[in-house]
Amino acid sequence: MKYIDPHIHMVSRTTDDYERMAMAGCVAITEPAFWAGFDRSSPQGFYDYYKQLTDTEPKRAAQYGIRHHCWLCVNPKEAEDAGFAKEVMSIIPDFMDCPNVLGIGEIGLNKNSRNELMILEAHLELALSTNQLVLVHTPHLEDKLKGTRLIMDAIFNAGLQPDRVLIDHVEEHTVSEVLDRGFWAGMTLYPDSKCTPQRAVDILETYGTERLWMNSAGDWGPSDPLSVPKARIEMRRRGHSEDMVRKVTWDNPKTFLSRSPRFRADDD
Amino acid sequence: MTLESKFMTERNSCPMTAAEIADAYFMEHRAKLIDLAAFLDRVDRASDADDEGLGVDFRITALHECLKILNDGKNDRTRRVLEHLSDHSSEPLQTAPMKGALGAPAPE
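Heads up: the protein sequence lines correspond to chains A and B, in order.
Per this note's numbering: the first sequence ends with 1683, consecutive numbering throughout.
Per this note's numbering: the second sequence ends with 763, consecutive numbering throughout.
Treat the hints as calculated values from the structure; they're not laboratory data.
Computed from a predicted structure; not experimentally measured.
Hints may contain errors.
Unchecked claim - In silico BS3-like pairs for lysine-lysine, Cα to Cα no more than 30 angstroms straight-line:
1) B:687 x B:729
2) B:754 x A:1466
3) A:1417 x A:1662
4) A:1466 x B:729
5) A:1474 x A:1669
6) B:754 x B:687
7) B:687 x B:723
8) A:1662 x A:1501
9) B:754 x A:1501
Bound conformation, chain A alone (with noise of 0.2 angstroms):
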């Protein structure tokens, strides 16, 4: 069975990991700009990742048969400096016409800090104008309840529609908030923090399948790039049915990506 991994940042992967997820079934999967593990040193070194993110690794996926979207943004870790992130953010327009762009993303809230919280409105000014869709990046551990709710009231100050965004990194103690608010909501699956696949399934069970979709957000840190057909094989396991699996790891992602025009998830 086919899947989308929608979130995985295979800047940091190999391409073993290509091969990999292609022989378990991944034939897409969008890659949102985010921190490279330390502060780039100039606009330029943005540059250099945005023309990574929009020609090298949509050419690296297409030999495995994966087709590769991406993200645009300043990642909320690098958005403290709000005069070097608006340097940035300038460049952005350059690359929002590449076939591959899907939108603005993942922007958010890291420390909920003020200067995170203006960069991540001028953000969504920019997803706006330009009609964008919108992939939100939510705090880690003690900060993403705090930053999950101030990131939703910033999206809905800016006028955006909550249809046009998926939030991320849901847990246990955000994922109702934000599908009663009318967002997507991703669950990302990582061995150590956020959600394992365990936990991903035990969240389905308990809040339907609307809306939600999984990822596993591989990177530099400890993450698996095959977390979401692992956690298809935990829905399995517990007797899930083959179409709830479908929906969670395809039709749901399909659903919302499918709201660019530039998301191909296969030949159809």
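Fit chain B to the given chain A structure using the hints.
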């Protein structure tokens, strides 16, 4: 808000029986429980530990508080533990103090 969510499903939403859940997951969680016990024993042997508990890190204190949630007889434990480990303030911080997170709200 969670319990009133319109998305909250009915009981019995996991197709497995309790025995099947135990068969599938008990050993994994037995191991995690013993890991946790060993972790707390390690904290007790810390070089700065004393009988009054001075020197105990705020994260360890938060963890002990979460253990009470696990054993209070109420359901929805995961959400309540995560909420206990969350910052419940609502105003943005003046500046970001660091990039990372600690896992439990730091004392004022």
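Evaluation of the provided hints:
About 21 angstroms separates the Cα atoms of residue 687 of chain B and residue 729 of chain B, which keeps this hinted pair within 30 angstroms; it holds. A hinted pair counts as satisfied when its Cα atoms are at most 30 angstroms apart, and residue 754 of chain B with residue 1466 of chain A qualifies at roughly 26 angstroms. For the suggested pair residue 1417 of chain A and residue 1662 of chain A, the alpha carbons sit about 11 angstroms apart, so the restraint of at most 30 angstroms is met. For a cut-off of 30 angstroms, the pair hint linking residue 1466 of chain A to residue 729 of chain B is broken: about 52 angstroms separates their Cα positions.
Pair hint residue 1474 of chain A plus residue 1669 of chain A holds up; C-alpha atoms about 21 angstroms apart against a cutoff of 30 angstroms. A C-alpha spacing of about 29 angstroms is found between residue 754 of chain B and residue 687 of chain B, which places the hinted pair at or below 30 angstroms, so the restraint holds. With a C-alpha separation of about 17 angstroms, the suggested pairing of residue 687 of chain B with residue 723 of chain B holds against the 30 angstroms cut-off. A C-alpha spacing of about 38 angstroms is found between residue 1662 of chain A and residue 1501 of chain A, which places the hinted pair above 30 angstroms, so the restraint is violated.
Under the criterion of a C-alpha separation no larger than 30 angstroms, the hint pairing residue 754 of chain B with residue 1501 of chain A is consistent with the structure, at around 19 angstroms.
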